[in-house]
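K.L.:
This is what each chain is made of:
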Amino acid sequence: MTTTTVFWCEDSLYGILTGVYEAWDSRLGHDRVRLKTDEQDSLELFCDYRQVKTDASKAEKVLGTIRERLGEEAFEAVCYAAACEDSGRADAIYRMVVLGLHMKNGQQVVNCLQNPCVSLVMRLRTKAWHEAHRYMGFVRFEELENGVLYAQIEPVCAVLPLLAPHFAERFRQEHWVIHDKKRGLMAVHPRGTLWVLADAGDLNPACLERRSGREREFQELWKSFCKAIAIEERRNPRCQQGLLPLRFRDCMTEFQETV
Amino acid sequence: MQVRVPENLSLMEKLNILSDAAKYDVACTSSGTERGNSGKGVGNCIEPGICHSFSADGRCISLLKILFTNECIYNCRYCLNRVSNDVPRAAFTPQEVCDLVMGFYRRNYIEGLFLSSGILKSPSYTMELLFQTLYKLRHECGFGGYIHVKAIPGADPRLIEMTGYLADRMSINLELPTAEGLKRLAPSKSRTRILTPMRQVQNRMAENRNELALYQNAPRFVPAGQSTQMIIGATPESDYQIVSVAEALYQKFALKRVFYSAFVRVNEDSLLPALPGGPPLLREHRLYQADWLLRYYGFRAEELLSEEKPNFNVLLDPKCDWALCHLEQFPVEINRADYQTLLRVPGIGVRSARRIVKARRLGSLDFPDLKRMGVVLKRALYFITCRGRTMYPIRIEEDYITRNLLSVKERLPLGLGEQMTYRQLSLFDDFNFSVSSESSGRTACGLSAQ
Numbered sequence: 001m002t003t004t005t006v007f008w009c010e011d012s013l014y015g016i017l018t019g020v021y022e023a024w025d026s027r028l029g030h031d032r033v034r035l036k037t038d039e040q041d042s043l044e045l046f047c048d049y050r051q052v053k054t055d056a057s058k059a060e061k062v063l064g065t066i067r068e069r070l071g072e073e074a075f076e077a078v079c080y081a082a083a084c085e086d087s088g089r090a091d092a093i094y095r096m097v098v099l100g101l102h103m104k105n106g107q108q109v110v111n112c113l114q115n116p117c118v119s120l121v122m123r124l125r126t127k128a129w130h131e132a133h134r135y136m137g138f139v140r141f142e143e144l145e146n147g148v149l150y151a152q153i154e155p156v157c158a159v160l161p162l163l164a165p166h167f168a169e170r171f172r173q174e175h176w177v178i179h180d181k182k183r184g185l186m187a188v189h190p191r192g193t194l195w196v197l198a199d200a201g202d203l204n205p206a207c208l209e210r211r212s213g214r215e216r217e218f219q220e221l222w223k224s225f226c227k228a229i230a231i232e233e234r235r236n237p238r239c240q241q242g243l244l245p246l247r248f249r250d251c252m253t254e255f256q257e258t259v
Numbered sequence: 260m261q262v263r264v265p266e267n268l269s270l271m272e273k274l275n276i277l278s279d280a281a282k283y284d285v286a287c288t289s290s291g292t293e294r295g296n297s298g299k300g301v302g303n304c305i306e307p308g309i310c311h312s313f314s315a316d317g318r319c320i321s322l323l324k325i326l327f328t329n330e331c332i333y334n335c336r337y338c339l340n341r342v343s344n345d346v347p348r349a350a351f352t353p354q355e356v357c358d359l360v361m362g363f364y365r366r367n368y369i370e371g372l373f374l375s376s377g378i379l380k381s382p383s384y385t386m387e388l389l390f391q392t393l394y395k396l397r398h399e400c401g402f403g404g405y406i407h408v409k410a411i412p413g414a415d416p417r418l419i420e421m422t423g424y425l426a427d428r429m430s431i432n433l434e435l436p437t438a439e440g441l442k443r444l445a446p447s448k449s450r451t452r453i454l455t456p457m458r459q460v461q462n463r464m465a466e467n468r469n470e471l472a473l474y475q476n477a478p479r480f481v482p483a484g485q486s487t488q489m490i491i492g493a494t495p496e497s498d499y500q501i502v503s504v505a506e507a508l509y510q511k512f513a514l515k516r517v518f519y520s521a522f523v524r525v526n527e528d529s530l531l532p533a534l535p536g537g538p539p540l541l542r543e544h545r546l547y548q549a550d551w552l553l554r555y556y557g558f559r560a561e562e563l564l565s566e567e568k569p570n571f572n573v574l575l576d577p578k579c580d581w582a583l584c585h586l587e588q589f590p591v592e593i594n595r596a597d598y599q600t601l602l603r604v605p606g607i608g609v610r611s612a613r614r615i616v617k618a619r620r621l622g623s624l625d626f627p628d629l630k631r632m633g634v635v636l637k638r639a640l641y642f643i644t645c646r647g648r649t650m651y652p653i654r655i656e657e658d659y660i661t662r663n664l665l666s667v668k669e670r671l672p673l674g675l676g677e678q679m680t681y682r683q684l685s686l687f688d689d690f691n692f693s694v695s696s697e698s699s700g701r702t703a704c705g706l707s708a709q
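Sequences listed follow chains A and B, in order. Numbering follows the working numbering, in which position 184 of the first sequence is assigned residue number 184; successive positions increment by one, without gaps. Count along the second sequence from 1, add 259, and you get the number used in the working numbering.
Take these hints with a grain of salt, some might be off.
Subject to a maximum C-alpha distance of 30 Å in a straight line, what follows is the list of computed BS3-like cross-link-like pairs (lysine-lysine) [stated by the list, open to error]: (1) B:395 with B:380; (2) B:637 with A:127; (3) B:617 with B:637; (4) A:223 with B:395; (5) B:630 with A:104; (6) A:181 with A:53.
Partial pick of chain B residues on the chain A-facing surface, computed with a CB cut under 8 Å [what the hints assert, rightly or not]: (7) 274; (8) 278; (9) 298; (10) 301; (11) 315; (12) 366; (13) 367; (14) 523; (15) 538; (16) 614; (17) 618; (18) 628.
It should be emphasised that the hints constitute simulated quantities derived from the structure, not laboratory data. Remember, predicted model here, so these are calculated numbers, not experimental data. Backbone N, C-alpha and C define an ideal beta-carbon position, used for all residues, glycine too.
The shape of chain A in the complex, shown without the other chains (with noise of 0.2 Å):
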């Protein structure tokens, strides 16, 4: 009887990608070894267990070959597919790039949907993409009393790195911070250069109350725009919390009551 070797990988980009170069290094063969994420609270019988250490020089290099071999749609779809969170991608990732390796023209991979593992990143892709790009127009922010531009997220997929990119170039001239308060960290672009990404438990609680004076105001006059721009006879909650489901909405000025 033979048994499947399960990589267990740590629950990040990283972390999937080493798995990927350890599965692949430890020549069991393809059908042989899976890669696992999520916690350990059952084990399978018949399996080995290995634990991945994650290892950015093996991540890079994992990555550099998917950028050279399967092209740059496959490169971009693997980092937003790892941005989700669901329990088949690291597989599906693995064979993914598997499949890419092996085709004769490996940028075709993106466009073999046939195959399930191939669908299921191009899918989680969209996910992920649909979530930053929501986030791109979602985010608030608000004015601190020191000029820093402040905001909060809540995403379902770690978006944080994809949308960083965006404000970045959108507010070069800004200092600006988005929290992502369900994974404890945070975007820090300092005004003109480069962003980075840093734990949350940096942030000083007692300077994030103190906002500047105008922001109030404008504040104010967002939330009765929102209420002014609204046709009455159209009203349509339904198709707007299609459009903007409510988990979005704790963030978000308009929805916030004025105390």
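Following the hints, complete the assembly by docking chain B onto the known chain A.
P.N.:
For chain B alone, kept in the frame of chain A given last:
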């Protein structure tokens, strides 16, 4: 005439009045242009556009949609801001608009500005105010975000041209689909006066494309293209007329978009239709569906509608409706049909058609694959085969397919296998007797007599 704009309104009051007055304008889109940050100012544009919020009517809020002033010298019957209405009037100053835009944009509330205006004093005077505002915003505030501005018909062409270099999109409202309607409801506007600036913007854009081909850094004129909007349901035009007008605008004026706005009765006026059922939202929806078919699916207006069939089917979308009338072209084999043919299948959109065309080069496709690719099988299954087979045993027959398409929930087609001859009796079926045109009451009697 006297100007009725009070001097001492606060910014909040002005914003309330002037956004309320702008809410009937459609086209809150921010797509169609890609521009990086200038490095000095604030803002950029991205090609697909971004929605920043959704209002209680489910429409997207992407731009700060305001009128510069709701003071107006015209008396268009459908408009809330017509000169004879007693509504609170207000006007921004260019500086106030800039403050609002910059304050909102920095907080990521908006993608840019949508600036329209009532006619203050004269078209040229108003256009100049709009120009000043845009100039200030672009050059003094360094604003690099999206700007959609209305060109005012009748304004000096030079002003329109200068404004076009500052904006991303320009639009001139067609107001009503036909010249007769316009004459009836907006006597101070005329079709030629609306179409002249539209042609001007079109020509200038074409010239600008040539300039840009030569000099990459030449100033860009209306890079996101030109659009227009018209009111649906205020005048008695048929859908066929409206779709034909839209098609002509796309072909002859190279418009990027035509927007349709369901008529909302805001004024009491004998020339306006009463709409007891509210604004014609379903009709608007069908027109947008048809608009997409014109722009992305290669349909022509006369394929969708005709003089004999001037209005859209209420129950079915235009594409299903078309397919049901052209069953001789179906079923289509997914693994062989060309892209244009795939696009015409109900349930297959631009994206899924592209995916199919790319994926089938690498191996043949079956129904589960199609489902994963995003094809809406509950609509498509009547019109397609995979490897020569349909998904279920179905009949390519108009009323059979219609009945199944009309069922809201996804379900297997009625009468599978053995029960193929079974057919559910409904009030609208007429297989043993023909519905005479006399009365529907007789039909019901006929049914109960059976």
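K.L.:
So which of those numbered hints doesn't the model satisfy?
P.N.:
When the structure is compared with the hints, none of them turns out to be violated.
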